[in-house]
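Colleague: Here the protein sequences come in this chain order: A and B. In case it helps, the numbering used here puts the first sequence at residues 4 to 432. In case it helps, the numbering used here puts the second sequence at residues 467 to 701.
I should point out that these hints are in silico values taken from the structure, not numbers from a laboratory. Please read these numbers as outputs of a predicted model, since none were measured by experiment. Please note that a few of the clues may not be correct.
What the hints assert, rightly or not - Straight-line Cα separation of at most 30 Å, BS3-like style, residue types lysine-lysine; simulated pairs:
#	chain 1	residue 1	chain 2	residue 2
1	A	Lys81	A	Lys48
2	B	Lys647	B	Lys537
3	A	Lys127	B	Lys626
4	A	Lys205	B	Lys483
5	B	Lys665	A	Lys284
6	B	Lys647	B	Lys689
7	A	Lys205	A	Lys348
8	A	Lys400	B	Lys505
9	B	Lys696	A	Lys284
10	A	Lys205	B	Lys696
11	B	Lys689	A	Lys284
12	A	Lys127	B	Lys546
13	A	Lys205	B	Lys647
14	A	Lys238	A	Lys400
15	A	Lys284	B	Lys690
16	B	Lys637	A	Lys268
17	A	Lys127	B	Lys505
18	A	Lys127	B	Lys696
19	B	Lys637	B	Lys483
20	A	Lys268	B	Lys554
21	B	Lys677	A	Lys127
22	A	Lys205	B	Lys665
23	A	Lys127	B	Lys682
24	B	Lys677	B	Lys540
25	B	Lys602	A	Lys127
26	A	Lys127	B	Lys689
27	A	Lys48	B	Lys682
28	A	Lys398	B	Lys682
29	A	Lys205	B	Lys626
30	A	Lys205	B	Lys690
31	A	Lys127	B	Lys472
32	A	Lys348	B	Lys602
33	B	Lys665	A	Lys342
34	B	Lys665	A	Lys268
Chain residues, written in single-letter form:
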Amino acid sequence: MSNRVAIVGAGISRFDNPRFELHEELCAEAVQEMLADNPNIEYPKDIDAVMYSYFSDHLAGQLCFHWIIHDYLGLLPKPAYRVESGGATPVDALINAFMYIKSGIFKNVLIVGWEKMSELNTPKVNEMIAAASDTDWDFPVGGYYTGYYAVLETRHMHLYGETEEDLAKIAVKNHNNATFNPYAQWRSQHGTTFITIDDVFKSRIISWPYRALNCAMISDGGACMLLASEETANKFTDSPVWITGIGLGTDTMRPGDRVDNPMYKGLYPEDEALYPDVSTKPASPYPEMANFGSMRTSGDMAYKMAGIDNPVKQLDFAELFNPYDGVELVEYEDLRFCKLGEGKKIVREGITEWGGELPCQLSGAHTAAGHPVGATSIAQATQIYWQLTEQTANKWKTNARALSGAQRAMLQGHGGTGCQSGVIIFERG
Amino acid sequence: MTYRPKKIVDALEYNRKWDEWARQGNWSPVGWRWVEGSKGHRLDQISSTNYLVIQRPHASVYHHSYGMISKFFKGLLEKKFYGTKCPKCGLTFCPPRAHCWNPGCRIQETEWVELPLRGEVFTFSPMAFSATPFLKTLPFIIAYIRVEGCCTTVPTRLIKINPWEVYPGLKVNIHFTDRTKGDIMDLYCTPAETPDPSKCMMTPEGIERLKNDMRKVRDWVVKKFGSEAKPSIDI
């Protein structure tokens, strides 16, 4: 079980809306890029098994889509497995592939993720995604994911006092990062001009406090990654990126159930002690509806495995799950970049900006690079891989967001309203 | 006794026009277009090409059982408000759970209790967009209400209040709609107290922005749906 696991190749099929190519053609583009970048991969001989990542059968009207992709990529009769856990689907696929290799049964596992969300109009896409909420309770009152995250963010604002300006500042950071990313939907649809806080405030309100520029895009796109065991990694590359920590965590399906949740009660006493007096203390003061307990649990597990006790100092950059800008702010707290309630300080001090101590979302991530659900975290992991192997300047044709000498990074992904979270720590060899 | 279940789809009374509606959305193309699009996996490698796009509807009627918490929804039809209570630990659930989730209770079955039609806002959001079925009722406020004595919160619509006046902790009354139909929308809330302006969550500029936003959304809904539009927030 001491066998380490490395990234040895990766590719992205750019995110946009629409991409007219078929789902399998998007996946083929991503795999093509990986194979072009790494001629040492004997394809398909070197692939022992494939982990497929896509979220919604409803969006495509097609179940078991991975069987279509699998034969299209010429991978028969190799083992294939599909993962689905909402927004956590791609991070889950990466973690499952890692565990496949750790089990010793497979040496090299390919992960392929994609989503095509352009086949339905915007309210219908929101309806299909809302089918991943409790359809007896949260959906029938007019709920949908922006709405659920909005009520959670309202609660966090009430307790800890961040403002609409703080959220807008996160939007500005991520959109401006995406203007350099040649795989980003924002750059395709908007160009390379920077935006300002005022642009965020002028964008259409969706669910207060969220406006269009605070929200994940509806996207088509694909991504892939090849993970290999320590035994085989050297065959593929002299510069592998190792996975040194993984973590998983869960919270309730219905966000409204988190108030007095007995399963979280007493788990994080230091946070419970920080509960502000603006509200009556619920039985489960952390995370209640303001924070994401699943992220704390998954982050702590991964930090422990990777030997991290001060993430801001010990990580060089991170790609977080940011479907809505308040989520990124709250994650700063849940992933221990700061104390509970101090997420707004991280924003105001620019710690996660380009040039800050811990840049986050250099790709632009969900709100600006795009969010084809099954592909998103795999594409973020690919961008991490390129940064840690110093390929970003070449891939992006600019060094505007290319780090030099970065050693260690974090990927965090989650599904639902933080119902499930996964964290991966990557380190260069 | 020999147990022979009736098929759920045969056991229900409902308007059969919905079966016809589901038959109409039958996966068969209703149109096509030859569309100009792009090809290329990076933005610096794009060329132009054409694609055939078809329109293909499909529809279904789900015959959904509310299982062991059916009493809650039957209660809504009869304008009674129920939750469940664990006889071991005393936690009271609304939304109800048929089994207690408290780790010490080992999946204990719960008991039904009648709940007061009172609670408080735990959190909320003014909605300016929604999934397809709810567009006509925009803009509206969703509030998660902690019903008095319960350990969880229920999503409901909150009316008769301006969106900038709402805050967590605001006391509300819970009501039934006139014509209940057996889902959570049979409930709605109104403020049970005059909102305290010192607890407002928005800045004066933020309030102005939101007022403008809400007017725009209301106008858009009225333009799109005409007499069918039912905005819940009027500004």
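Colleague: Against this structure, judge whether each hint is valid.
Modeller: A quick look at each hint next to the structure:
1. With a C-alpha separation of about 10 Å, the suggested pair Lys81 (chain A) and Lys48 (chain A) falls inside the 30 Å cut-off, and the hint holds.
2. Annotation: proposed proximity of Lys647 (chain B) to Lys537 (chain B) holds, straight-line Cα distance about 14 Å (limit 30 Å).
3. A threshold of 30 Å between alpha carbons decides the hint, and for Lys127 (chain A) with Lys626 (chain B) the separation of about 29 Å falls inside it, so the pair holds.
4. At most 30 Å may separate the alpha-carbon atoms for a hinted pair to count; Lys205 (chain A) and Lys483 (chain B) exceed this at roughly 44 Å.
5. With a CA separation close to 17 Å, the supplied pair Lys665 (chain B) and Lys284 (chain A) stays within the 30 Å bound.
6. Among the hinted pairs, Lys647 (chain B) with Lys689 (chain B) is consistent with the structure: their alpha-carbon atoms are about 28 Å apart, no more than 30 Å.
7. Between Lys205 (chain A) and Lys348 (chain A) the alpha-carbon distance is near 24 Å, which keeps this suggested pair within the 30 Å criterion.
8. As the CA atoms of Lys400 (chain A) and Lys505 (chain B) are separated by approximately 20 Å, the hinted pair is consistent with the 30 Å bound.
9. Annotation: proposed proximity of Lys696 (chain B) to Lys284 (chain A) is violated, straight-line Cα distance about 37 Å (limit 30 Å).
10. Proposed proximity of Lys205 (chain A) and Lys696 (chain B) is supported: the alpha carbons are some 26 Å apart, at most 30 Å.
11. A threshold of 30 Å between alpha carbons decides the hint, and for Lys689 (chain B) with Lys284 (chain A) the separation of about 45 Å lies outside it, so the pair is violated.
12. Restraint check for Lys127 (chain A) and Lys546 (chain B): not satisfied, since their Cα atoms lie roughly 33 Å apart, outside the 30 Å limit.
13. For the suggested pair Lys205 (chain A) and Lys647 (chain B), the alpha carbons sit about 39 Å apart, so the restraint of at most 30 Å is broken.
14. Under the criterion of a C-alpha separation no larger than 30 Å, the hint pairing Lys238 (chain A) with Lys400 (chain A) is consistent with the structure, at around 28 Å.
15. Annotation: proposed proximity of Lys284 (chain A) to Lys690 (chain B) is violated, straight-line Cα distance about 44 Å (limit 30 Å).
16. Of the supplied pair hints, the one linking Lys637 (chain B) and Lys268 (chain A) holds, its CA atoms being roughly 25 Å apart against a limit of 30 Å.
17. A hinted pair counts as satisfied when its Cα atoms are at most 30 Å apart, and Lys127 (chain A) with Lys505 (chain B) qualifies at roughly 26 Å.
18. Of the pairs offered as hints, the one joining Lys127 (chain A) and Lys696 (chain B) holds, with about 20 Å between alpha carbons and a cut-off of 30 Å not exceeded.
19. A threshold of 30 Å between alpha carbons decides the hint, and for Lys637 (chain B) with Lys483 (chain B) the separation of about 42 Å lies outside it, so the pair is violated.
20. Between the alpha carbons of Lys268 (chain A) and Lys554 (chain B) the distance comes to roughly 18 Å, so the proposed pair stays at or under 30 Å and holds.
21. Straight-line distance between C-alpha atoms of Lys677 (chain B) and Lys127 (chain A) comes to about 26 Å, which keeps the hinted pair within the 30 Å bound.
22. Restraint check for Lys205 (chain A) and Lys665 (chain B): the C-alpha separation of about 26 Å stays at or below 30 Å, so the hint holds.
23. For the proposed pair Lys127 (chain A) and Lys682 (chain B), the alpha carbon gap of about 21 Å is at most 30 Å, so the pair holds.
24. A hinted pair counts as satisfied when its Cα atoms are at most 30 Å apart, and Lys677 (chain B) with Lys540 (chain B) does not qualify at roughly 38 Å.
25. For the given pair, Lys602 (chain B) sits about 14 Å from Lys127 (chain A) by alpha-carbon distance, which is consistent with the 30 Å threshold.
26. Proposed proximity of Lys127 (chain A) and Lys689 (chain B) is supported: the alpha carbons are some 19 Å apart, at most 30 Å.
27. Proximity of Lys48 (chain A) to Lys682 (chain B) is assessed by CA-CA distance (about 58 Å); at most 30 Å being required, the pair is judged violated.
28. Of the pairs offered as hints, the one joining Lys398 (chain A) and Lys682 (chain B) is violated, with about 42 Å between alpha carbons and a cut-off of 30 Å exceeded.
29. Taking the CA atoms of Lys205 (chain A) and Lys626 (chain B), the gap is about 27 Å. The hint holds against a cut of 30 Å.
30. This hinted pair checks out: Lys205 (chain A) and Lys690 (chain B) have alpha carbons roughly 22 Å apart, not beyond 30 Å.
31. Proposed proximity of Lys127 (chain A) and Lys472 (chain B) is contradicted: the alpha carbons are some 34 Å apart, above 30 Å.
32. As the CA atoms of Lys348 (chain A) and Lys602 (chain B) are separated by approximately 40 Å, the hinted pair breaks the 30 Å bound.
33. Pair hint Lys665 (chain B) plus Lys342 (chain A) holds up; C-alpha atoms about 25 Å apart against a cutoff of 30 Å.
34. About 28 Å separates the Cα atoms of Lys665 (chain B) and Lys268 (chain A), which keeps this hinted pair within 30 Å; it holds.
When the structure is compared with the earlier hints, violations turn up for hints 4, 9, 11, 12, 13, 15, 19, 24, 27, 28, 31, 32 and for no others.
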